[in-house]
Structures are given as structure tokens and as C-alpha cells.
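Based on these hints, arrange chain L with the ligand on the given structure of chain H.
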Amino acid sequence: MQLEAKDVGFRYGDGPWLFQRVNVMLEPGEIVGITGPSGRGKTTFCRILAGFESPVEGTVHVNGAPLPKSGYHPVQMVLQHPEKATNPRWKMHKVLNEGYQPDKELLDLLGIEQEWLTRWPHELSGGELQRFCVARALGPNTRFLIADEMTTMLDANTQAQIWHAIMSIAKQREMGILVVTHESKLMQRLCHRVIDFNEFD
Amino acid sequence: MSILEVENLSVSFKQYTDGFKEINHKVISSLSVTLEAGEILAVVGASGSGKSLLAHAILGILPRNASISGTIKYKGVELTAARLATLRGKELALVPQSVNFLDPLMRVGSQVRTASNSEDVVSAQRKVFERYHLGKEVESMYPFQLSGGMARRTLLSTAMVSGAKVIIADEPTPGLDPIVIKEALSNFREFADKGCAVMLITHDIESALQITDKIAVFYAGTTVEIASVKDFVGKGEAIRHPYTKALWRALPQNEFISIPGSQPHPSSLPPGCLFAPRCEIATPECEQAPPDMRELRDGMVRCIHAT
Ligand code: SF4
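Protein chains in written order, with my numbering: chain H, 1 to 201; chain L, 202 to 508.
Check each hint, because a few of them may be wrong.
With a cut-off of at most 27 Å between alpha-carbon atoms, the simulated DSSO-like pairs for lysine-lysine come out as follows [unchecked claim]: (1) H/185 - L/274; (2) L/366 - H/91; (3) L/337 - L/276; (4) L/395 - L/431; (5) H/104 - H/94; (6) H/185 - L/276; (7) L/291 - L/337; (8) L/446 - L/383; (9) L/227 - H/91; (10) H/69 - H/6; (11) L/215 - L/227; (12) L/383 - L/395; (13) L/395 - L/274; (14) L/215 - L/274; (15) H/94 - L/383; (16) H/185 - L/328; (17) L/366 - L/274; (18) L/276 - L/222; (19) H/91 - L/222; (20) H/84 - H/94; (21) L/291 - H/185; (22) L/395 - L/291; (23) L/276 - L/366.
Simulated coverage check for chain L against chain H, where a stretch passes if three residues somewhere in it have a Cβ under 8 Å from a Cβ of chain H [as the list claims (entries may be wrong)]: (24) 241 to 248; (25) 446 to 452; (26) 455 to 469.
Please keep in mind that the hints were generated in silico from the structure rather than gathered at the bench. Since the structure is predicted, the reported quantities are computational estimates derived from the model, not experimental observations. All C-beta atoms, glycine included, are put in the ideal place defined by N, C-alpha and C.
With the rest of the complex left out, here is chain H:
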């Protein structure tokens, strides 16, 4: 199963093109990085892959078929700010079980403590919340994960902890990962190859 973006371009209305002719192919189990200065549409491109936005031109295919319009999306995305991605009026167990019920093994791997499940989002730190967002994105039907500055706000230890959990799951399930980060050393550590977003115009 592959994730393929072909000649993808995006702009708002008649505005200037944010990017055009972006071609990215992600194989199962492959970890690919994207670099490039901010404000050039990397996040928008990620949102297109995850189905939150439609490309203005070009196509995105998973396993040769267009992205599904309904049901569980095979491409899941985790963002920089977990506070913005969790419903403040839900306790954590509800946040966690929104899409599926993660098993104990996954929670342990991510270092999520049982006692956190009864808390409100504002009672957890950014690093604790982000583990929930990752768990939520790793449903059994996730084929590709997009990590958009996922650990930028986290300390080195939490960053390593979360990435190790993701890498071991990716290996087990042959899940592909797209990593967007400013941190070149993290990129080098994680990725099989790196694409420069600047190459596209």
C-alpha cells in the first residue's frame, strides 16, 4: 500500500499558488522527512494528505485509489499543539476512545498513565497531552502517519519516548511516516530519506 501525491497544487481562491507540482511517494514502512522554510505550505500539504483539505490541482491516492471521503481515514496527522487538537470539555478517556479503543500495550508504550484518563485536558502538560494525540492517531487502520512538528514543543526525553513508541509500531505494522520538522538532527535520526519542499514551486 502506497501513499502517492501527484502534481499537487494549492492556493486559496484566486490567490498566489502556495505550491504546485508536488510529487511525493511514501512506501509502507518508509519514514520520509520534509524540510523547507515555514510559510511555504508544508502544513497545508500535510492537511491535504490527511484529507482535511482538497488539492486545487493534482491527486492523492492510497493504494491506487483516491482518499476515502468517509469512514476511518488511513492517513492520520499529529500536530504541534495538542491543546488545539483536544476537546477541552471532554475528559481524557473520552478524548482517547473517540475513534477506537487503544489497548493497554499501546498506552504503556507511550507512557500514558491510567490515572491521567480521569483528568481534563487542562490538567495535563503539553507532553502528556501529546501522547494522547499520538495514541488516538494510531488506530489499527492507520496506514500512514503525518507528524507535523509533532515533538517541537517537547523536552528531549519525552520526544525520544514518543518517537520510539511510534517507530516500534510503524515497524510492526509497516506503517509509513512523513516527518515535518525544523530540527535537522531529529530528521537525520529518524528518516530514510528527506525531501526538500523548496524543490517544488
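Same frame as chain H, now just chain L with the ligand:
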């Protein structure tokens, strides 16, 4: 001379549960740290370690339900509420973490001018905007019109034009381009080299190491180590505290390994060493009482077994 001294600071919040039970959240415990003129001190720790609250305590902007003990001195004299009121924004400036610190109803150019203590506020503001690559059109924008990166650069500008002697910067860099980060950090360096001082609060030990002199490592509301940047080499043999060693080893360019578990919550701190539940070399003694900060090899450490 120390420009800022924090001695034995503790901060806690009272909270009531559904059963009217009172819980005490100890967010900062027995923290001591000093900032010298000409120096950049990084305060490094995980999110939720109480780092931002330290900044707020120094500037006297903690919420009203906080109870505080300990002393904070500026230029050798205690910072009372009255003294703070005259110094805040003039000699002591904050680069806040949240964009919500900007006045939503005021154009950003005017906000930066209000913060300036120079003769010609307009040219001071324009100069600082130019330095942070904020175009002329930004002057007349309102905060909601700014992108995240622009808002951060505006916050930086506000502190930089104030002419402050001490800048406390709370996570000033995330979300900025590496180029802008480098520039902001080198501006802090320049600022310190003029005899001022910067306290850089960050989760990012790597960028802290690039420009600071000294690093204070924060864990669960207190400093566990104060070390010189020079100590962060190799496998971290020169580092004193097990948590600092773990942070260093976890960097992607080092071993990229993590220690299990997580920081204790302020409502349920362990009785002894706050790091004991995660410490590989903990002994029963560590769980007896919180270790004191002590001097060790030109640095400070809060660990009874550190050598
Ligand atoms: S005092 Fe004990 S538990 Fe705490 S860091 Fe030192 S060895 Fe570990």
C-alpha cells in the same frame, strides 16, 4: 554581581475537589537560582515542570490564589510588589510565551512604542521591527492579524525596545524559522554582552546550549542541577544529576534513548527526591527527604548520590 537572585522560592495553589477537600498543588519547591550581569542563564525543563511560573513569580504576575514564600532580589535589594511595579517593563521585561499577552484592541506598532522608554519611540519601534523582519505594514495591524511567527517577533520586539536590564524570555523560539531563531538568540547574546542579563526559559536544551553560559535544569518544580555549558560533552560524564544526564542522552544527535515514566503531578509529589520514582540509581535513602541543593565540581546538584 548577581543582578537577580531567587532564594528558596516555593509557589503553591490551593484547589478544592468536588468533596470540598482541599488539595495543595506545589508547583515550585525550594528553588534557588541567580542571574549574573552579562550572562545568559537557560532554565531547561519539560512542559509542566513549572518553568513559566518561575517567570511569572519573578515578575509578580502570578494569579491571586497562589501562595508564595522565599525571596527574590534585584540588584541586591528585595523585589517587593511596590518595587516591582516601578521596575516591570523598564528594568525587568518579559517575553511571554503566549500571544495573549498582547492587547487585542491596540495596533501592534503602538504597543511596541508604549513599551519603549527611549526619546524617539517611533524610530525605536521601526528599528526593532526592521531587525526582526516585520514589514512596515505590520505597525498598523492588530494582534489577530499576525501569524504565529510574526506575533512572537512582536513580543520579542516589545522586550527589546524597553531598554530593560534583565529579560526573562519564556519559550521565545518555537514556531520560528531556524534563521529567525538564530537571530533572536544572537540578539540575546548581544544584549547580555552589554552587561545585561537574560533568563531563557525553554524546553529545548539544544538551542539553550548554543548561546547560554549556564544551564539550570528544572524538574517537577525545582532545579535539580546548575551546570556550565561546558559540561555538556561526550556521554555527559561531567553532568551531575541523573535527570540531566537522561535529557542529554535523549537528544537525537546523542543516543536518542529515553527513560520511562513521567514527571510527577504537583498534587502528588513524592516525599523524598522528586526524581526517585524514575531514577535508576535510587536507594531507600533517596525516598526519605527531598535532597538539598549542594555544590559539586563548580556547579550545583540536588542529588545525594551525585559525584
Ligand atoms: S537523590 Fe537519589 S533518587 Fe534522587 S536523583 Fe539522586 S540518586 Fe536519584
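Results for each hint:
A C-alpha spacing of about 39 Å is found between residue 185 of chain H and residue 274 of chain L, which places the hinted pair above 27 Å, so the restraint is violated. The straight-line distance between the Cα atoms of residue 366 of chain L and residue 91 of chain H is roughly 44 Å, outside the 27 Å bound, and the hint therefore fails. For the hint linking residue 337 of chain L to residue 276 of chain L, the alpha-carbon distance of about 38 Å lies beyond 27 Å, and the restraint is violated. Distance restraint check for residue 395 of chain L and residue 431 of chain L: the Cα-Cα separation of roughly 22 Å lies within the 27 Å cut-off, and the hinted pair is therefore satisfied.
For the hint pairing residue 104 of chain H with residue 94 of chain H, the CA-to-CA distance comes to about 15 Å; that is within 27 Å, so the pair holds. Restraint check: the Cα-Cα separation between residue 185 of chain H and residue 276 of chain L comes to about 40 Å, which exceeds 27 Å; the hinted pair is violated. Taking the CA atoms of residue 291 of chain L and residue 337 of chain L, the gap is about 25 Å. The hint holds against a cut of 27 Å. Pair hint residue 446 of chain L plus residue 383 of chain L holds up; C-alpha atoms about 25 Å apart against a cutoff of 27 Å.
Between residue 227 of chain L and residue 91 of chain H the alpha-carbon distance is near 23 Å, which keeps this suggested pair within the 27 Å criterion. Restraint check for residue 69 of chain H and residue 6 of chain H: the C-alpha separation of about 18 Å stays at or below 27 Å, so the hint holds. A distance of roughly 9 Å separates the Cα atoms of residue 215 of chain L and residue 227 of chain L; the hinted pair therefore holds under the 27 Å criterion. The straight-line distance between the Cα atoms of residue 383 of chain L and residue 395 of chain L is roughly 19 Å, inside the 27 Å bound, and the hint therefore holds.
Using a Cα cut-off of 27 Å, the hinted pair residue 395 of chain L and residue 274 of chain L holds, with the two alpha carbons roughly 21 Å apart. Proposed proximity of residue 215 of chain L and residue 274 of chain L is supported: the alpha carbons are some 26 Å apart, at most 27 Å. With a C-alpha separation of about 41 Å, the suggested pair residue 94 of chain H and residue 383 of chain L falls outside the 27 Å cut-off, and the hint is violated. At roughly 34 Å between alpha-carbon atoms, residue 185 of chain H and residue 328 of chain L are farther apart than 27 Å, so this suggested pair is violated.
As the CA atoms of residue 366 of chain L and residue 274 of chain L are separated by approximately 14 Å, the hinted pair is consistent with the 27 Å bound. Distance restraint check for residue 276 of chain L and residue 222 of chain L: the Cα-Cα separation of roughly 42 Å exceeds the 27 Å cut-off, and the hinted pair is therefore not satisfied. Between residue 91 of chain H and residue 222 of chain L the alpha-carbon distance is near 21 Å, which keeps this suggested pair within the 27 Å criterion. For the proposed pair residue 84 of chain H and residue 94 of chain H, the alpha carbon gap of about 16 Å is at most 27 Å, so the pair holds.
At roughly 39 Å between alpha-carbon atoms, residue 291 of chain L and residue 185 of chain H are farther apart than 27 Å, so this suggested pair is violated. Distance check on the hinted pair: residue 395 of chain L and residue 291 of chain L sit about 16 Å apart at the alpha-carbon level, within 27 Å; holds. The straight-line distance between the Cα atoms of residue 276 of chain L and residue 366 of chain L is roughly 10 Å, inside the 27 Å bound, and the hint therefore holds. Against chain H, the region 241 to 248 of chain L contributes 4 residues with a C-beta closer than 8 Å to a partner C-beta. That satisfies the three-residue criterion, and the hint holds.
With a cut-off of 8 Å between beta carbons, the region 446 to 452 of chain L has 5 residues touching chain H; three or more are needed, and the interface restraint holds. Only residues whose C-beta sits within less than 8 Å of a C-beta in chain H count toward coverage, and the region 455 to 469 of chain L has 8 of them, enough to reach three; the restraint holds.
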